[in-house]
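Below, each chain spelled out in residue letters.
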Amino acid sequence: MIEIIRNKAKEWLEKNEDGCVIGYERASDGMTARPVFIYEPHMMGKLIFDETCVHNLSKYLLNRRGTRTAVVVKPCDSRGINLLINEHQLDRDSIYIIGVVCPGMKESHFGRIEDHPLSKCRRCLHHTPAVYDVLVGEPQPETASHDYSDVARIEGMSLQERNAFWKEQFGRCIRCYGCRQICIGCYCQECFVDELDPLWVGIRSCPEDNWIWNIGRAFHLSARCISCGECERVCPVGIPLMLANRKLEKESADLFDFEPGMDAATAPPFATFIKEETLEKVE
Amino acid sequence: MELTYEPRIVGFLCNWCSYAGADLAGTSRTNYPANIRIIRVPCSGRVDPLFIVKAFQLGADGVLVAGCHPGDCHYSDGNYHTRRRVGLLRPFLDYLGLDKARLRLEWVSASEGKRFSEVVLSFTDTLIKMGPRSS
Amino acid sequence: MCSLSAANPFIPYPATVTGVLDLTPDIKLFTVELTDPEQRENFDYRPGQFAFVSAYGVGEGPYGIASLAERKTGLEFAVRRVGTVTRALHELEPGATLGIRGPYGNWFPMEDYRGKNILIIGGGIGMAPLRPVIHYVLDHRSDYSGLTIVNGARSPRELVFSDEYDLWAEPAQCKLELCVDRGDDEWQGRVALVPQVVSELRPSPDNTVAIICGPPIMIRFVLAGLKELGFSPAQIVTTLEQKMKCGIGKCARCNVGDKYVCKDGPVFTFEQILNFIEQF
Amino acid sequence: MTSVIVDNNLHIWLKELAEKYILIAPVTSDGVTLFKHVKAPEVGSIDLQFLNTAVSPKGYFFPLSETIFSIGVERGDVIAPMNADAEVVIFGIRPCDAAGIALIDRVFLAEPVDISYKGKRDRTILIGLACNTPSPECFCTSVGGGPANPMYLDIMLTHTPSGYIVQAITGKGKELTPVTMVEEKDVPSPPTPRIAAIPMEGVREIMRRNFDSPYWDRVADRCIHCNICSYVCPCCYCFDIRDYAGKDKIDRVRSWESCQSAGFTRIAGGHDPRPTKGARLRQRWYHKLLYYPTLFGDIKCTGCGRCVRSCPVNIDIREIIMDVQKLNV
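Residue numbers (the working numbering), protein chains in the order written: chain H, 14 to 296; chain C, 7 to 141; chain D, 219 to 498; chain F, 25 to 353.
Extracted from the complex, chain H is given alone in its bound form (with noise of 0.2 Å):
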């Protein structure tokens, strides 16, 4: 499989010399991954694809805008793409999209590879990527369905449990913003949390600034956010941050039949309306 993806991404760059190919290689631990940044065909040999190829590459090709790019995206990673071009962040003749049919990643931190998959693996539908140049593997059938168990348990809860719950969560940002910063869906030009007039969260750290502000993250990414995991991963403090976005991915699929990243083409749900929709129906 490596050396598929080797000679595809060895070809493009042959072929596309001022480009840039973005893979992954080993990280400094020896055993886990990390992005590389290849601008020469005779470097490909640092290229890997193992397990621990958890990192969603796409967000990089926001800083390559008007450049040649080729990237190796996992089938969530390129719903990321399906986003971007969607949302008209991206020319899709720019990129070229080496998709890897994914065996599901193993939950992996410096130094150590777990035994169990990713949460984020463990519910996964798409096995094959959405949008590609080359497939490396074999197309996977999709799971039949979605397990939102982890959605269901909070839902369960009483209100005050929620509230408590979440509070406790939120209660630990310490405001890095590393979620915003991996996140394929956050490229505005200036976020809300940086405005200063209006001030609408500003660098407090208190309770209150600390809710406002991850609840707008995940509410900016609604019916956007594909999935990857990528937030919940970097989080330094451990907050659950996919459990939040992956309620709005179920309400977003049930009130508007919508799974982002499927396709570039769709409308998303909040681009567009059906005026027969009733307030029944979203209530």
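Each hint should be verified, as a subset may be incorrect.
[Stated by the list, open to error] Computed Cβ-Cβ distance ranges for the label pairs, DEER-style:
hint, chain 1, residue 1, chain 2, residue 2, range
1, D, Asp384, F, Pro105, 49 to 55 Å
2, H, Ile17, F, Asn156, 43 to 49 Å
3, D, Asp357, F, Pro105, 40 to 46 Å
4, C, Thr36, H, Lys180, 20 to 26 Å
5, F, Arg130, H, His55, 45 to 51 Å
6, F, Val137, D, Asp384, 44 to 50 Å
7, C, Pro48, H, Asp210, 17 to 23 Å
8, F, Thr52, H, Tyr161, 24 to 30 Å
9, H, Tyr161, C, Pro48, 50 to 56 Å
Hints in this document: simulated from the structure, not taken from any laboratory.
These figures come from a predicted structure and were not determined experimentally.
The C-beta atom is built at its ideal place from N, Cα and C for all residues, glycine as well.
For chain H, the structure is supplied; the task is to place chains C, D and F on it using the hints.
Chains C, D and F alone, transformed into the frame defined by chain H:
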């Protein structure tokens, strides 16, 4: 002596229908509770979900978003978008521990002064029954 | 409370705006007096130093002090409307209260320049921190040799301190050269960029110190021109502007390499700047 | 003979500390270990097996955000923040984190003294816990520290099978030592754990010469310029100051900020001396490995390895140091 709880409602009213409706309620001397503080917006579609969340953060007990009836939007489709946004925000806030009954979306036309006062009255009643928000 | 405000370096002195003058369409000159007479007396500063001005509720920012302490005019700050704090300051009228902390930073060593020709080159609001230097030289005129001022702006309306030009350029005191990038119907002076004017004037580097301040692009070209005329980097002095939050060497933001503009600067010679590891 | 406190007595001592002081100690929940305020009945929840906390304890001196002072809206009077006088005990701080605080001291305690920081510093006692099991990302021994380095602590504890060896380092520490609970026993110190060494030779000189190397932009390719590295760091101290207007008073608030964030050096009007990820990343490493050492002599890094562990894209300071030595201009 019993302390009465007076909930605070922030009302985002669209300029063309609901604000005019509220105005009509006023000029025709229809009573409605003074619990609502009205913010006039050009269209209910202008109401960024952040406005709503910010109102709650700053201590609102309830938020009312009111716009033209579907089909009557001055800008033709602003209220359809609002319906979707509020429709998704309500279950989300509920999930985070903020009762969805504290966020209401209502259609009030310029001629529905009476309806406006009824909406505010019933919302205030609901909020009084629910009591103050747990912090 | 009093002792605390003396001990906490972040707490500004209360102050009142005593005058507001429109210098250009987007630059105002504020005159500010510290409220407490003792604090006012003790607030001693030199040409080139800066202070933080607080518009409470919006924030604070560092501004070069545009006045000369010895003239006892009160503190003067030229503020260009560019961001949230400056916008708030621009709304202040005489009588408004604000906060001042400082003075911070080093200064132009005017004593060291005695007996020399002084060449002052400023662009836009870059003239503001140079104004106390001009005032100082004018007030100690016999201590210095020639005084040449080149003051440029994008347009005539944007030339700062225009109401003072007559005072500066009183016969034999000073040679004042004004220039603008674009003239207008009434403008009869030079239409040229500051570096061009400097090159045309051909100031002699002999016994001269050049003090310059302006946008980075202007500084770059002026520097090249002066070098060509034979100025050594040690004879050229400037004052740097960097984003700052504390002014007292703690917030780790205004550094250029290992130099902190707030503590080690803002006044540097180009000899020092050339040794900086980082560009500013 | 060494002073030893057995596990049971340690528990009793912790309870006493929690009753008398604000006790801050490592607690693990949801898989994340953080320093938390632990009350007397909860001392059982203190995690004594932890490797190190996710975020350094610097926030107890230099908080994530704090009101420096307020201004009354009506009278314009200065309102000083509530000065807590309760003494704080940080229990279980690792030697690397104590060293981190000492590095911040040099800046915040320099004239003019940051009184808010100093106040917290003066009323806090540090009880350290030596590392018997370092993490794979640790490298304290390469930057002048060590897993059992008692410097900068008031009391040092070392875990052994027969209890915790207690060493009072400072006067404050001697006073706090629970004499009645300590036994004099012949307990050998556990073997010092081995930590891989990073060659540090000539780094400063090479960095001075390689400021303009394309290397910095290349490393920054994968950087997502989040603030994680600076926020988990025990000795990063950049901050921001902003105003918050309330109804009755205006708060002037200081908060952590990171040199990695996009607008860090951008001035109003738009000019930014560090407009690229590469320039900002370089600033971080240069501050740690060149600028701070030039000013104070020591490297501004304690080898705690948090940035290595927490970086979402594996930007590893040890690798940078080794790469730098290969640059040669």
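**OP:** Just pull the numbers of the violated hints for me, sorted ascending.
**Re:** Result: hints 4, 9 break, sorted rising.
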